[in-house]
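Colleague: Going down the list, the sequences are from chains L and D. Residues 1 to 269, numbered by the working numbering, are exactly what the first sequence covers, in order. Residues 1 to 365, numbered by the working numbering, are exactly what the second sequence covers, in order.
A portion of the hints provided could be inaccurate.
With a Cα cut of at most 25 Å, we get these calculated DSS-like pairs of lysine-lysine [said to hold, decoys possible]: (1) K132(D) / K8(L); (2) K132(D) / K268(L); (3) K8(L) / K268(L).
Footprint (simulated), chain D over chain L, 3 or more residues, beta carbon under 8 Å [as the list claims (entries may be wrong)]: (4) 5-14; (5) 65-73; (6) 129-137; (7) 259-268.
It should be emphasised that the hints constitute simulated quantities derived from the structure, not laboratory data. The C-beta atom is built at its ideal place from N, Cα and C for all residues, glycine as well.
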Amino acid sequence: MIGVELLKLVRRPRTWIMILLLDALPTLVAILLAVTDIGPRPGAGPAFLSAVLANGRLFPAAALAIVLPLFLPVSVAVMAGDSIAGEAQAGTLRYLLIRPVGRTRLLVAKLVTVLVFVLLAVVVVTVTAYFVGTHLFGNEPIGVTTVSGTVLTPRQAVLRTVLAMLFVALSMLGVAAVALFLSTVTDSPLAAALGALAFLVTSTLLLTLDAAQSLRPYLPTRYWLSFVDVFRQPILWRDLVRGVALQAVYMVVLLGAAWANFATKDVKS
Amino acid sequence: MITTRALTKRYGQVTAVDGVDLEVRAGDVYGFLGPNGSGKTTTVRMLLGLVLPTSGRIEVLGQRVPRHAGRVLGRVGAMVEAPAAYGHLSGRANLALLDAAGPGGARRTRRRRIETALEQVGLDGVDRRPVKAYSLGMRQRLGLAAAVLRQPELLVLDEPTNGLDPQGIHEIRDLLLALNAAGTTIFLSSHLLAEVELMCDRVGVLDRGRLVLQDNLAALRTPTGQVVLHTPDADRAVALLDGQVGERAGDRLVVRSGDPAELNAMLVGAGIRVRELAAERRSLEQVVLAATTAGSDRVDRRPGPRPVTTPSTMDGPATGAAGEPVDDPLTGAGGEPVDNPANGVGGEPVDGRAGEPAEREEAAG
Chain L
1 MIGVELLKLV RRPRTWIMIL LLDALPTLVA ILLAVTDIGP RPGAGPAFLS AVLANGRLFP
61 AAALAIVLPL FLPVSVAVMA GDSIAGEAQA GTLRYLLIRP VGRTRLLVAK LVTVLVFVLL
121 AVVVVTVTAY FVGTHLFGNE PIGVTTVSGT VLTPRQAVLR TVLAMLFVAL SMLGVAAVAL
181 FLSTVTDSPL AAALGALAFL VTSTLLLTLD AAQSLRPYLP TRYWLSFVDV FRQPILWRDL
241 VRGVALQAVY MVVLLGAAWA NFATKDVKS
Chain D
1 MITTRALTKR YGQVTAVDGV DLEVRAGDVY GFLGPNGSGK TTTVRMLLGL VLPTSGRIEV
61 LGQRVPRHAG RVLGRVGAMV EAPAAYGHLS GRANLALLDA AGPGGARRTR RRRIETALEQ
121 VGLDGVDRRP VKAYSLGMRQ RLGLAAAVLR QPELLVLDEP TNGLDPQGIH EIRDLLLALN
181 AAGTTIFLSS HLLAEVELMC DRVGVLDRGR LVLQDNLAAL RTPTGQVVLH TPDADRAVAL
241 LDGQVGERAG DRLVVRSGDP AELNAMLVGA GIRVRELAAE RRSLEQVVLA ATTAGSDRVD
301 RRPGPRPVTT PSTMDGPATG AAGEPVDDPL TGAGGEPVDN PANGVGGEPV DGRAGEPAER
361 EEAAG
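So that you can see chain D by itself, here it is in the shape it has in the complex (with noise of 0.2 Å):
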């Protein structure tokens, strides 16, 4: 469904995404991950034709993009970052003007097919006031709606479930679930960890725009070899298991075994009493974590010795001073692409808060 090969983005000297090669198949609910400012929304905005790329090649639905465009986005519904809706006017006129100014989409379904989008995002109750007076949440699910207005083949979506509160959380995830269930391929853009995990069954994580991972997410989090194993017996059982115990936490023990199973039976045949046994699995967080570094909007000194520039041939305090390295903290994180920032605020979970006391007030209308 999606095909990148060496996609590359630069912005000046800044290189916001750099050799990725995503593969997204038909079915597939892909998890795109990555710290802030690591190139997720830049590489989505390629995805969709909006900013060009510097050099690589992307196929979506088997056709170039940006070159085809045209005959391909008609299929696809995206998300990208924050929704966005004429305020002054109704959540169903924003839809109504946004399915007619493009392709496909008779003018003689319309109607229905807005009402079965409202339906689908649990807006289908909402009444004729303009999007401005909406709150977050809402807003959020308009902006779900109108990517699922055409029962596109692909779903590109960043952040989905933002402003959301869990009982909409939920909901969003089944719709999703159930969508893809019924033959839509979702590229989920995030850094909801648990929901990625919860939901998708490929992910990619990208990281100072490249991607560092890419696989099924069964694959990465194949057991690591190890049991967890929580006993009130710990002390017999570290006498029992010498050598194999490699930690202890009470009476929680980590033990290197390649067989739980095996494990339990000799445990018990000991006579210690077990209260909760499995092997352990890497957490996505922790697959994800070993992966990335911080986002870019960690911005810290530039640690280390500062590089002495002068030329050993020209020497004199004048260009000593001249051939200073500049600290400037912010490129110092920096050569670290840098999303825009009004962007930038859109991707950050802090601003999920907004809107929730009118959220409630829907909930009850």
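Isolated chain L, as found in the complex (with noise of 0.2 Å):
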């Protein structure tokens, strides 16, 4: 069943028209900031895009940091969202459920389409960052500066970026999670989708409030910029293991929510 749901993933136009979207807009920031030359102040805009025109190798992690705090996340809610909901809408749900598809196993299916969703947008922004990084701007052989400012060997700057990209893809949990449970309750694909962007937007608004400072470390999107710490030297661990943890708790809850729901749901669609 997993086989069939990624089939389905990869022959459908719709996801590719989004990875190339969620490319296109650092792609976009790269070109604007090698004709202009002119970066961000250190500090200001996306992290590290002020250090990316000394040194192309940098940019992947700037195109994360791009796409991370809205882009990415609507294209998981409008997968996720759309997971259960639009098979309902099209009326091929019923077909597979009595296939028969266990509806365990048809969630499980979906959750793990998304994440190989996310992963794949993931990788193709990072490699694809890499090369317009190379080319548009400088590309220092020695190596790339980190936070910290001390300097990484080419190989650990791999590693690291890969490390980022697995946190990334990670904090994508929580909003898969709420657009998954969404997509079970109702049949419309949009309003689960946007169900969980109004989660992720109160979750945004919230962490910007200092009298929802008790709920902070609760909030999905609390840890989500804290993979600029994968580029410290040495790596601060603590806030990325909260922020897989927390991740995986709204996993594990809106699950269970999700399954409690749809299993003993009656498919009307």
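Hints given; two lone chains; assemble the complex.
Modeller: Have a look at this one:
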């Protein structure tokens, strides 16, 4: 079943259009930077961007920072929101279930598909950013300067970028779980995706609110930008670990709710 | 093949299916009839484990559903309401995905089975165009192909000929009868009575969620004890059969007589010319109309005087107004189960016309 879902993922034009769009934004930023040669002031704008003009090898990390706050979660919400509700709306859900595909299996397959999509998107964005960055900006073969000021060997730089990619992908688990849960509740993929986005916007808003201080450690977007810590020397693990753990909690709770709802639901679509 | 006992489904206050005892035997072509909103679709969905019953039990192919649905459904082919497929993929790709999604159906034989199924439903010449470019009739055929893909022992079909032209209906009927002759039991939910009359040997009739009738079609259509006679000598016939003639319209007489052969002999013996003479049988339509009420898509204003609910001990204008029953026309028709309105449309015969022009194109190609 997972194989079938993955096949459906890669054969769907929408998947590639979304990844293309995800890719377009950092590329546009890179072109603008390269043409104008005006970088953001250090400390302003997305992380790493001010350092990119000097060293293009940092651009993958900058690209991740560009898509992370909005584009990536939006595409995840759309994909995960569509997973069950989209099948229901198209009428194919009932034919899958009487094929028969177990409801739990279907849910797991859909989740795995969303995760594969996120990984795919992150990999494509990073790889493209690497080529764009090294071609448009200065390419210092010596190594990458970390946020802490030390220099990484090329091998270390690759490892850390992979680590950052994994962390960014895992950060999307919470959104994916919310959208997947909503997708089992409604038969409208749009409603599920928008619901997940509303959840996300709420979280982002509350993060900026001092009155919501006590809620802060539990907000799903709290540790998103902690992937910057991967590029410190030594790596600052604390927030990275907390971020992944928080996403895992969201995942377990919401997936449990999705399962409880879907497994006993009357499929009337 | 299918047995249900006291099968009941309630949606809140509404009882959609109420104590239904279905009995479908191996080898049957079972016609499942009833007006719109009588609970046919809900029942079919419960048989397939899509909707969970409120109470009662279901056995399909000797196994409990929904508990063992995973074990049983692989041997059942089904089409529930409208067919559905992924619009951006071709018909073949859709069948392949569906086949790969569940158990049973070896990968090795997949391609061959898909071709066989497409051939059976008359789509074997279809090209690689995506399903969204298919006409309504082609989608219907594709849905049928998906149902027969794994040579199921039981076929559960909901309006299988919806959207097909007379030629297509005839083809599908032949296909289903051939499958039945080869041993497939067919459960056919429909409100096209003529279709059911031509195919089925047993019928069950649902009305407002209750099974009001379940019998062999032949038993339902036994002669009524009347003979319909056409004769150019109507006046003489009436004189001869004095007292036996029930009604007369021109040269058509309805005669009470248990034995058409004897009646014929008597008429001919008296020199009365007989043009046509046949024992009268009730049509399935008459049987069903007698057993059922109007469908839930007919919404009448609630008839009769409003019941007065104000208690006599508490009089006064305020309570009188509050006690007024709400005369909502929707709920008025409505002690009746109403299927999901979006689904209800699919069951309407009206929408069968949409894909007609494209259909001809398919026949040409």
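Colleague: Does each hint hold? Answer for all of them.
Modeller: To see whether the hints hold, each was checked on the structure:
1. K132(D) / K8(L): Status holds; Cα separation ~16 Å.
2. K132(D) / K268(L): Status holds; Cα separation ~23 Å.
3. K8(L) / K268(L): holds, 23 Å
4. 5-14: holds (count 5)
5. 65-73: With 0 residues close enough to chain D, the hint is violated.
6. 129-137: violated (count 0)
7. 259-268: holds (count 4)
When each numbered hint is compared with the structure, violations occur for hints 5 and 6.
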